[in-house]
Amino acid sequence: RKEVEQDPGPFNVPEGATVAFNCTYSNSASQSFFWYRQDCRKEPKLLMSVYSSGNEDGRFTAQLNRASQYISLLIRDSKLSDSATYLCVVNIKGTYKYIFGTGTRLKVLA
Amino acid sequence: GAVVSQHPSRVICKSGTSVKIECRSLDFQATTMFWYRQFPKQSLMLMATSNEGSKATYEQGVEKDKFLINHASLTLSTLTVTSAHPEDSSFYICSAGPREGLYEQYFGPGTRLTVT
Chain A
1 RKEVEQDPGP
11 FNVPEGATVA
21 FNCTYSNSAS
31 QSFFWYRQDC
41 RKEPKLLMSV
51 YSSGNEDGRF
61 TAQLNRASQY
71 ISLLIRDSKL
81 SDSATYLCVV
91 NIKGTYKYIF
101 GTGTRLKVLA
Chain B
1 GAVVSQHPSR
11 VICKSGTSVK
21 IECRSLDFQA
31 TTMFWYRQFP
41 KQSLMLMATS
51 NEGSKATYEQ
61 GVEKDKFLIN
71 HASLTLSTLT
81 VTSAHPEDSS
91 FYICSAGPRE
101 GLYEQYFGPG
111 TRLTVT
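As you go down the protein sequences, you meet chains A and B in turn.
If you use our numbering, the first sequence corresponds to residues 1 to 110, in order.
If you use our numbering, the second sequence corresponds to residues 1 to 116, in order.
Be careful, since some hints might not be right.
Here are the simulated SDA-like pairs of lysine to any residue, each with C-alpha atoms no more than 20 Å apart in a straight line [claimed, not checked]:
hint : chain 1 : residue 1 : chain 2 : residue 2
1    : A       : K42       : B       : N70
2    : B       : K41       : A       : T61
3    : A       : K97       : B       : N70
4    : A       : K93       : A       : Q31
5    : A       : K42       : B       : T114
Bear in mind the hints are in silico, worked out from the structure with no lab data behind them.
Keep in mind the model is a prediction, meaning the values are calculated, not measured.
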């Protein structure tokens with residue numbers, strides 16, 4: 001079993017749609033959680049950190065469920081420019097190491 | 001802030017040669033830098049963790065004699081792929097962190113290595 005699992009997609013959604021991605025992690029020592037966005041042949045860019053209480057940044061909302069060990073990302077009012085791969089990232093307590101999920105591909109269609 | 005540069009962005013080399021990739025944190029001091037490799041349609045795989053002034057820590061399965069890492073200062077880490085082979089062709093990405101105690105990592109733009 002992978003340490004961080006994501007549905008690879010692709011998720012094909014029309015502009016304006018709401019889409020949600022889930023991510024599960026297996027290491028109970030995971031302490032910090034992030035969503036990164038990666039465009040084709042580019043480096044990952046931090047989209048948002050995920051806090052225990054949940055957090056929102058514009059059209060993006062992230063949730064963390066420690067008991068069930070999953071993280072979610074909700075994108076509202078999808079834009080064409082949201083098309084990318086979304087990487088779920090977990091940091092293990094006591095280290096600065098990141099464990100990456102395989103990513104979920106999103107295609108927003110006109 | 002939190003800008004990380006990588007050089008070169010793209011390199012093509014012949015099998016058997018060595019290639020050096022530089023990673024720099026431009027506006028902050030990074031006590032730790034990380035080197036990742038990403039093959040097509042796969043996620044980033046951590047190769048090694050590099051701490052300034054000490055030996056790098058390599059992940060299981062990564063040959064330390066093949067992938068030489070030097071973290072000479074708080075703003076520069078280098079990865080040298082020695083005796084490169086076609087199977088080493090990949091996208092190599094570095095990241096730097098932490099910054100001011102945060103666990104967020106900041107990624108360089110990556111280096112696409114093609115070994116012919």
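Pair hint outcome, K97 (chain A) versus N70 (chain B) [Cα-Cα no greater than 20 Å]: Measuring from Cα to Cα gives roughly 18 Å; hence the hint holds.
Restraint check for K42 (chain A) with N70 (chain B), where alpha carbons must lie at most 20 Å apart: At roughly 24 Å apart (the allowed maximum being 20 Å), N70 (chain B) and K42 (chain A) break the hint.
Distance restraint between K41 (chain B) and T61 (chain A), which requires alpha-carbon spacing of 20 Å or less: Between K41 (chain B) and T61 (chain A) the Cα gap is close to 26 Å, so the pair fails against 20 Å, i.e. violated.
K42 (chain A) paired with T114 (chain B) [C-alpha distance capped at 20 Å]: 16 Å, holds
Hint consistency between K93 (chain A) and Q31 (chain A) [alpha-carbon to alpha-carbon, up to 20 Å]: OK: K93 (chain A) and Q31 (chain A) at ~5 Å, within 20 Å.
Hints 1 and 2 from the earlier list are contradicted by this structure; the remaining hints agree with it.
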